[in-house]
Amino acid sequence: DAGVIQSPRHEVTEMGQEVTLRCKPISGHDYLFWYRQTMMRGLELLIYFNNNVPIDDSGMPEDRFSAKMPNASFSTLKIQPSEPRDSAVYFCASRSSGRDYGYTFGSGTRLTVV
Amino acid sequence: DAKTTQPTSMDCAEGRAANLPCNHSTISGNEYVYWYRQIHSQGPQYIIHGLKNNETNEMASLIITEDRKSSTLILPHATLRDTAVYYCIVTINSGTYKYIFGTGTRLKVLA
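Those sequence lines, one after another, are chains B and V. Residue numbers 1 to 114, in this note's numbering, belong to the letters of the first sequence in order. Residue numbers 1 to 111, in this note's numbering, belong to the letters of the second sequence in order.
Just so you know, these hints were derived from the structure itself, not from any lab. Quick reminder that beta carbons are idealized off the backbone N, C-alpha and C, glycines included. Take the hints with a grain of salt, since some may be wrong.
Here are some chain B residues the structure puts well away from chain V; computed CB gaps all over 12 Å [to be verified]:
| no. | residue |
| --- | --- |
| 1 | G3 |
| 2 | E11 |
| 3 | E62 |
| 4 | N71 |
Negatives, chain V to chain B, calculated, CB over 12 Å [said to hold, decoys possible]:
| no. | residue |
| --- | --- |
| 5 | T5 |
| 6 | S9 |
| 7 | M10 |
| 8 | D11 |
| 9 | N19 |
| 10 | G29 |
| 11 | Q38 |
| 12 | G43 |
| 13 | E66 |
| 14 | S70 |
| 15 | L80 |
| 16 | R81 |
| 17 | T103 |
On the chain V side, residues computed to face chain B include the following (Cβ under 7 Å) [unchecked claim]:
| no. | residue |
| --- | --- |
| 18 | C12 |
| 19 | Y34 |
| 20 | P44 |
| 21 | Y46 |
| 22 | Y97 |
Chain V on its own, in the form it takes in the complex (with noise of 0.2 Å):
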């Protein structure tokens, strides 16, 4: 699987717009984005995906740069409850669907 890179740690202020950056320099044609994120104490929740094309849900937007090496995850209204640990991981989307975890962005979202 293909390493990541992402900040240790961002804040950001209670209604506006969190951007969570992640680098996978060395991604794969074949690999697809994926982002977690943890909530203390709690299992790591599935939030979004992507392979090339920008993608939305009801919890983010996943922009994918053009060349694949670098994601960002948009939380387009922070709450206080999006205080957590955002991961990234480029994995494969299918045979193993193994996932290797790095250390994550800790967001905190400020009142």
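Next comes chain B alone, as it looks inside the complex (with noise of 0.2 Å):
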């Protein structure tokens, strides 16, 4: 298995536009989990779905940020506006509800707004 595939590694975009990030988890985990990372807050929750529906989104800063996974294959995390301050790595995971290996986490989005 190719692991949690995130896309794109680097992104650097201009305040006012819109971000995509793209995530992949491994095939057969029923949980995925967005996560973003910051010197100052360090590693924060914004959203996790099980079986493709958000149980809870309490993490997600404002409205400007919403998540979505229509396949069990699929998710994307989408900024509109970006702004400054959402600049930060941003993680996926994935994880099986039925074996225990904790959590699988892709390698990240480095996200710049400039």
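Hints are included, so try docking the two chains, each in its own frame, into the full complex.
Given below as structure tokens:
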């Protein structure tokens, strides 16, 4: 298995632009998580899905952020409009409720908003 | 989820055992202890987890005190590649599977 795949690895965008981050979880995993990491705030859980359904989005900072999981193999995190304070590394992770090996994280997307 | 307390940083000589402590004095009976590590610029990596018994796998050992209020992650023979931030997380093992990451311990393995 190729693991959790995130794209792009790096994204530089101008303030006000729409940004879409993508994640392909491990096949068979029924939970998907989006985290954001900054030096100031560490790793923050933004939202997670179970069987493609959003369960808890209380960590989403504001309405500019939205996440979808249209099927079991794909999820997106969208920021519209982007702001410089959104600059961070965004991680996607997945896990299986049936086997307990914890989360598998992707390599992350480093977002810079200028 | 129970809160955890870890030292901010630790050093360890290469080839020696690295013992990373974690306090979780408010842990509930159904909460597990998980350990992850994050090597610079990479996503966190699962290491090990346990409920109340000591656990060992190919990466590390986990020692949980009898009252479960603290635990220690042991890397038996630390290498330079073990330099990372190590996170101790306490969470239930069903339902949400939601992790709250703290600030972790920055382990530096010295040559």
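Going through the hints against the structure:
1. G3: violated (9 Å)
2. E11: At about 15 Å from chain V, E11(B) clears the 12 Å cut-off, so the statement holds.
3. E62: holds (20 Å)
4. N71: holds (20 Å)
5. T5: Given a closest Cβ separation of 14 Å, the condition holds.
6. S9: With a cut-off of 12 Å, S9(V) remains clear of chain B, as the shortest Cβ separation is near 15 Å.
7. M10: Holds, because the least Cβ-Cβ distance between M10(V) and chain B comes to about 18 Å, which exceeds 12 Å.
8. D11: holds (21 Å)
9. N19: It holds; N19(V) is separated from chain B by about 21 Å at its closest Cβ, greater than 12 Å.
10. G29: holds (18 Å)
11. Q38: violated (8 Å)
12. G43: Its Cβ does come within 12 Å of chain B, the nearest being 3 Å, so this is violated.
13. E66: Since the minimum Cβ distance to chain B is about 23 Å, E66(V) lies beyond 12 Å and the statement holds.
14. S70: holds (20 Å)
15. L80: Answer for L80(V): holds, closest chain B Cβ roughly 21 Å.
16. R81: holds (17 Å)
17. T103: T103(V) not clear of chain B: closest Cβ-Cβ about 6 Å, inside 12 Å.
18. C12: This hint is violated: C12(V) lies away from chain B, its Cβ roughly 23 Å from the closest one there, beyond 7 Å.
19. Y34: holds (6 Å)
20. P44: holds (5 Å)
21. Y46: holds (3 Å)
22. Y97: Where the cut-off is 7 Å and the nearest Cβ of chain B is about 6 Å from Y97(V), the hint holds.
The structure fails hints 1, 11, 12, 17 and 18 (numbered hints given earlier, in ascending order).
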